[in-house]
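Trainee: If you want the building blocks of each chain, they are given just below.
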Amino acid sequence: MNLLFITMDGARKDRIVNAKNYSKLIEKSLFFSTTITYAPFTIAAMHAVFSGIYGTRTGVNSYWSNINFKKDLCKTLPRYVKDKGYTTYADVINKLVLPPIGFDEFVIHDELNDNLTERHLKLIDKFNNSRKNGEDFFLYLHYSNIHTGIMEKVLKKYNNFSEEYFENKDKNEKFYDELFSAADDYLGKIIDHCNEINLFEDTLLVVMSDHGISVGEKLGERAYGVFCYDYTLISTVLFYNKKLPNLKIDQQVRSIDILPTILEILNIPPDSNFMPIQGQSLIPISQGMDEPRIAFSQSGNPLDSNKPPKAPNIYSVRTDEWKYIKNIHDDTEELYFLIDDPGENVNLIDTVQEKAVQMRSEMDRILNS
Amino acid sequence: MKPNVLFLIIDSLRADKFPQKNQNNSSPNISSLVQNGTLFSNTISSANATILSWSSLFTSKFPFKTGIRSSRFNKLDSNIETSFDVLKNNNYRLYGYLPKLSETVGLFPKFDNDDYLYDFYIGLSNGLGEEIIKKIDSNLSTPWFFLVHSMDLHQPINVSKKFDITKFGMSSYERKVSEIDFWIGKIIKKIDLKNTILIITGDHGDYIKSTNIANKELDFNPDHNKEVIRSKISKHAPKFLKPLKDKVFFSLEKQAQTRKSKMLHDLDLRDYEKRAIIAGKADKDHFLFDELIKVPLLIVSPQITKNLLINQQIRTVDIFPTLFDLLGLKFQSDIDGVNLKPLINSESMQEQPAYIESNPLVLTESNDVIGIRTSAYKYFRDKNQPSKRIHLFNLETDPYEETNLSSESELIKKFEGILISLLGDYSEKISQNTYESDEIEQELRKLGYV
Chain A
1 MNLLFITMDG ARKDRIVNAK NYSKLIEKSL FFSTTITYAP FTIAAMHAVF SGIYGTRTGV
61 NSYWSNINFK KDLCKTLPRY VKDKGYTTYA DVINKLVLPP IGFDEFVIHD ELNDNLTERH
121 LKLIDKFNNS RKNGEDFFLY LHYSNIHTGI MEKVLKKYNN FSEEYFENKD KNEKFYDELF
181 SAADDYLGKI IDHCNEINLF EDTLLVVMSD HGISVGEKLG ERAYGVFCYD YTLISTVLFY
241 NKKLPNLKID QQVRSIDILP TILEILNIPP DSNFMPIQGQ SLIPISQGMD EPRIAFSQSG
301 NPLDSNKPPK APNIYSVRTD EWKYIKNIHD DTEELYFLID DPGENVNLID TVQEKAVQMR
361 SEMDRILNS
Chain B
1 MKPNVLFLII DSLRADKFPQ KNQNNSSPNI SSLVQNGTLF SNTISSANAT ILSWSSLFTS
61 KFPFKTGIRS SRFNKLDSNI ETSFDVLKNN NYRLYGYLPK LSETVGLFPK FDNDDYLYDF
121 YIGLSNGLGE EIIKKIDSNL STPWFFLVHS MDLHQPINVS KKFDITKFGM SSYERKVSEI
181 DFWIGKIIKK IDLKNTILII TGDHGDYIKS TNIANKELDF NPDHNKEVIR SKISKHAPKF
241 LKPLKDKVFF SLEKQAQTRK SKMLHDLDLR DYEKRAIIAG KADKDHFLFD ELIKVPLLIV
301 SPQITKNLLI NQQIRTVDIF PTLFDLLGLK FQSDIDGVNL KPLINSESMQ EQPAYIESNP
361 LVLTESNDVI GIRTSAYKYF RDKNQPSKRI HLFNLETDPY EETNLSSESE LIKKFEGILI
421 SLLGDYSEKI SQNTYESDEI EQELRKLGYV
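The listed protein sequences derive, respectively, from chains A and B.
All residue numbers for the first sequence refer to the working numbering, where the first residue is 1 and numbers rise by one.
All residue numbers for the second sequence refer to the working numbering, where the first residue is 1 and numbers rise by one.
One chain only, chain B, in its complex shape:
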């Protein structure tokens, strides 16, 4: 009998904030799972935001090969094989809970449960957790693949009262991780782990907008309730107000940044702390620092080594080839990911360079970057012009990526070479497209051509 799979994606979950095996106080459930599974502590997501990360994770291909370029523009290329195709072809029943955003990219299949889409602001504690448990209890047809993408850690973070205390961490981010841990505990109680592979990972990381100075927590996170109200007003505003609405949004973001910069001026903070606090949703200049792309990967399965911590760099494109190996399945098409079985079996395996790409903004044009990460170096540069916005960091001596070695021309040449070889024939197609075909048809109709 094929094992079931519970695949949990925690949006914005950073590797450095993932509970370790000794965190029984704040996150006992994940802590216990870590002791019973294999944890990859250096998993690099292909992108710094959800859409491109999904496109890569669920196809095991780098995002530029999938057709998906950002949330409103292009859907998955219909010729691309997804992990859902492989699972369906092998008689897996697909269940899931995903934020509504997932509808826009044409990546996800029709899940067996009709209620698989939920509103962005619904969290585990305000309905989603109970829904998941109810579904698991409902006698799922086997073998099943159950995908959950939780938005709980996504900004603005809303910590339940019970978890909003120091015991669960200093920042709202850490406290929310504990709250998620609570729900993971409730969910796995319903699962027979002898016949289920459990995977927990993140789609990307995030800046943590709080810091601790002299035991005092300075919190720059947006207020959850205000953000919800703002989003609702924005959603229901008439279409003709959209340009004004966008203008107001960018103006408010700019004001907030100026305010924060002034506040930070006299504080003794490191560069990486400052950049996290100042970063805003409307920033046009995008970056690929580790806090944005390094996620955890935990695999728990009877077939897998227990209590194993693997620090070697791996990539989110490697997750499905590895899972499929455990399930005895295989992609039929060429993929970029590799099977991590040798590492799980404590054998040596050559590190693969991770392709990384920033996700474009939707409301306006952003300055996006693409690059390469190895365990030793991080290289990224302007997506469209190789000689612009070059960033190179020595991750061994500068793990917080504060010293840009952009004048190291030999190293830059070397990493640009790796990047170009990964891009291959796609190097000309990397740029963001503008409108999707339905939108074009609508415009052509206005012009009388259709």
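Pulled out of the complex, with its shape left as it was, chain A reads as follows:
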């Protein structure tokens, strides 16, 4: 079975579930609406997705630490499928965002000038031809134009404390909606084309968002990659193939669960010569098994600097109900009851001490595992 994997960079869950084309696809897919990213920025997020392992172990836990990826110890998705004889190709925004190992071709697009729809349709056609010749392929496509808009109109224009930005939430929402609408059009065209050429007969489609994006929820974060709040931590993933059930699952899962899920669908066993995968396949959850997944995340608050820090300085642990945040940079803690307080506004760290102890110990367990 071939693999077409699309990352919708910076796609927010609240837009995904309501968008025209996205929701049409969700209806047919195995969709996980609450997929907690390991890191709310692409570089660390995608290294975790591709290895099924948190950055605490892979070495990639910050914007800067791509160089530390333990590629000799962590077997990544393209390497798994490459070992099965797949032709592998990645079209990405930047060379830092993924570990390139295992890709036959690792191509960087020009996010400012390239027409990604046309470019990606051509790539799909190219690999459809290989498919007709009986060759298996893994095509990875990065839709980067939400990032492009945010970079041009938010990152370059404002800082994390710009009054103009945080006082105009409606304007920010509107701008994000424009970017998202274009993203949804892109997805619609890609899916329509794949349907026309019957690609999904023998191809697994994976569509994920790597992290969300702020529209001005919290002062101090104009976009993403600063805090560990839900508007950036919640991403989504869907798996589409005729053999898979069409289900919408709201239970929390983790981005590190994506790799083992793909491996299970493709019938590829984990390679015991490498570091064990921390994520777990989502297939048992789709079959009704009750398997809670506690999610760990890390981010890097640049504080007064104009550069992200070299190491993460905010950690969080999340369950379906609770979020515990440890701010390493100022040694403070936060605890939120997400059911009543999805906006994470009421810090319960001093009032629900028993839960705080439990969540702290969960974080320690993950950090020391």
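What you were told as hints is all true, and nothing was included just to trick you.
The following label-pair restraints were derived from C-beta to C-beta distances: (1) N267/A x E441/B: 35 to 43 Å; (2) F120/B x L112/A: 31 to 39 Å; (3) K243/A x I418/B: 47 to 55 Å; (4) S78/B x K153/A: 38 to 46 Å.
It should be emphasised that the hints constitute simulated quantities derived from the structure, not laboratory data.
Quick reminder that beta carbons are idealized off the backbone N, C-alpha and C, glycines included.
Assemble chain B onto chain A, guided by the hints.
Mentor: Only chain B this time, still in chain A's reference frame:
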């Protein structure tokens, strides 16, 4: 008064091609120096290429502890003490001539002479030799440490007309050694050897791409002039052509290998001769055969035994601890090298296993190996996966490393154990890194994060 030091590194100089004391015809100067010094004939470099070899030689640490992983990726870890630090702290003045490649690794200090960097293709006979002599003549402040790294023997070899005759050897490699000998003779004439320690060594070996069949020399060496032109065109090509340029390079290398394989098919050559001729610059599979890592080490000093040949295995990490002992200096940090004084004094000394590592390619990902060499065995395997590309050779019965004993599981277990104990906590950090931090910052800027 502290002695001066002239430290000559001849790039790609193999131990088996280093002139011996009776080679007065072809290499009279080195031959005479060998009679006046101590020659170690089994010196194992930590790596098969310059960058990792330097990283280890000048820190007396195994390369994986230095931060340097290959030419474009990572610089020396700023916390690592180098031999230059020790020399500077002891008031040595540092002079040198190094190829420009040395700029990339952050290992070398600022030398007292501003003109210490030279272009890759500049050799002793086309300018470098005269420059060195001029510098030595210029009244250097004492005590001095003068480092020269000559690229003369590096492929493509360009032998001057005067030396390109049979008297100086059959291959261009041997003839070039004689040409280097000529320049060493000119340089040491300018040195007061009563108050100077002279060291001659190589950073690594190389395959010799020529062979003699029925008294006829078959030369498969790349043509020097063509290589220079190719390199210049490549250097000045616009950046956007780089992917195409790299593709062309790998394709040409592959074509050359296929051509050579066909030519060798009917020739009666041994495996080690064939592998040398076929080996190409773009080979992704790297090896650590002796011809790539065994170098000579000659020490000439009034304090040292004359006309002594030591065959016991030593390592390039041992060079500076030994030199520093002669100078009364010491590294302040922990090092992997040992002082070879007992051997020089003809006393017994336990052999140390040599850690060896292949240097990654720059343009593409290579399959690199790490391993251990003792005087009896050589063991190396895939850098990332211990069970892959295993090579084990019995050096006593198979000195040309033609019979791989990879099924000898007990021996492999033993040497893997030694390797792991040398790697220690670094075993997880051994893999090649991808980009250096300046490059990352540039990429993050493109993404709007910096």
